[in-house]
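K.L.:
Residue numbers (my numbering), protein chains in the order written: chain V, 1 to 114; chain S, 1 to 113.
Fair warning: there could be bad hints in the mix.
[What the hints assert, rightly or not] DSS-like cross-link-like pairs, simulated, lysine-lysine; straight-line CA separation at most 25 Å: (1) S:K68 / V:K11; (2) S:K57 / S:K68; (3) S:K42 / V:K78.
Simulated from the structure, these hints should not be mistaken for lab results.
The chain contents come next:
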Amino acid sequence: GAGVSQTPSNKVTEKGKYVELRCDPISGHTALYWYRQSLGQGPEFLIYFQGTGAADDSGLPNDRFFAVRPEGSVSTLKIQRTERGDSAVYLCASRVAGVADTQYFGPGTRLTVL
Amino acid sequence: QQQVKQSPQSLIVQKGGISIINCAYENTAFDYFPWYQQFPGKGPALLIAIRPDVSEKKEGRFTISFNKSAKQFSLHIMDSQPGDSATYFCAARGEGSNYKLTFGKGTLLTVNP
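The shape of chain S in the complex, shown without the other chains:
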């Protein structure tokens, strides 16, 4: 059972363009939605995160848009740069005290110079 569905699987964008990655979830008990960035051979690093009581959060070139009724959220990378080339994972955290994360399958982003 895949609780967090992520698309697209891969994405190629030109430098300066906008990268958009989408995620959908099923469990309405999820209460925290982070995005992680992972470079080859490295562990995932938190990029930006949002809670369901907010519809949008922006940090620099990165924005999360959240649609609670549709159970969808997306990552927008403005002015994409070659250094943004990495794998991006959306995740969701369930209720309860363990705070474990459920991840999507990832999106491999390539930004061409």
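Just chain V, same shape as in the assembly:
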């Protein structure tokens, strides 16, 4: 079956602009995660959705970052007033509900803020 998909694969924007990054999880996966991976680093947790609600947003760096998942499937990560320090690969992962361990990652969106 299809894996986690993310669009766009690359996004170049200018400092101060607004961007939206999309994640399509594996069908039937109710748990969805966003991570950010800076160059040469491991992924860092941003936010977790169980269904439609953000169950844990403790990793969001500041209030310029926001994510939604209105119908419990597709999720959008929104970044306002982008800064050069926001440049990174944004990864989405999904997991079957309950006690299933494995998180399946998408290919990521590479965001470059000029």
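For chain V, the structure is supplied; the task is to place chain S on it using the hints.
P.N.:
Just chain S now, kept in the frame of chain V:
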């Protein structure tokens, strides 16, 4: 605060050799320890994982060794192949219902033919 420390940062191994990557953690509440493999331009893919009630887990050429008292775990890749060249990340999952992962900084493995 780096909760999962990974070493080495990079590793070069000859084809057929053994690759060993080490990780140490601080939080004793971690209850699941996966290793992910990442190729350039791709997302991380689960390779193998272990729970703290087991000291070793083997899947094909990949083995995790886990030392709960030392709070350390390692990945061993036997008979390393050029196709294994990738970045490897250890991770740990905290207790609670969100199952979020804390990753190490990664190890870039190069297997020379």
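K.L.:
Now tell me, hint by hint, if it's right for this structure.
P.N.:
Structure-based check of all given hints:
no.	hint	verdict
1	S:K68 / V:K11	violated, 42 Å
2	S:K57 / S:K68	holds, 14 Å
3	S:K42 / V:K78	holds, 22 Å
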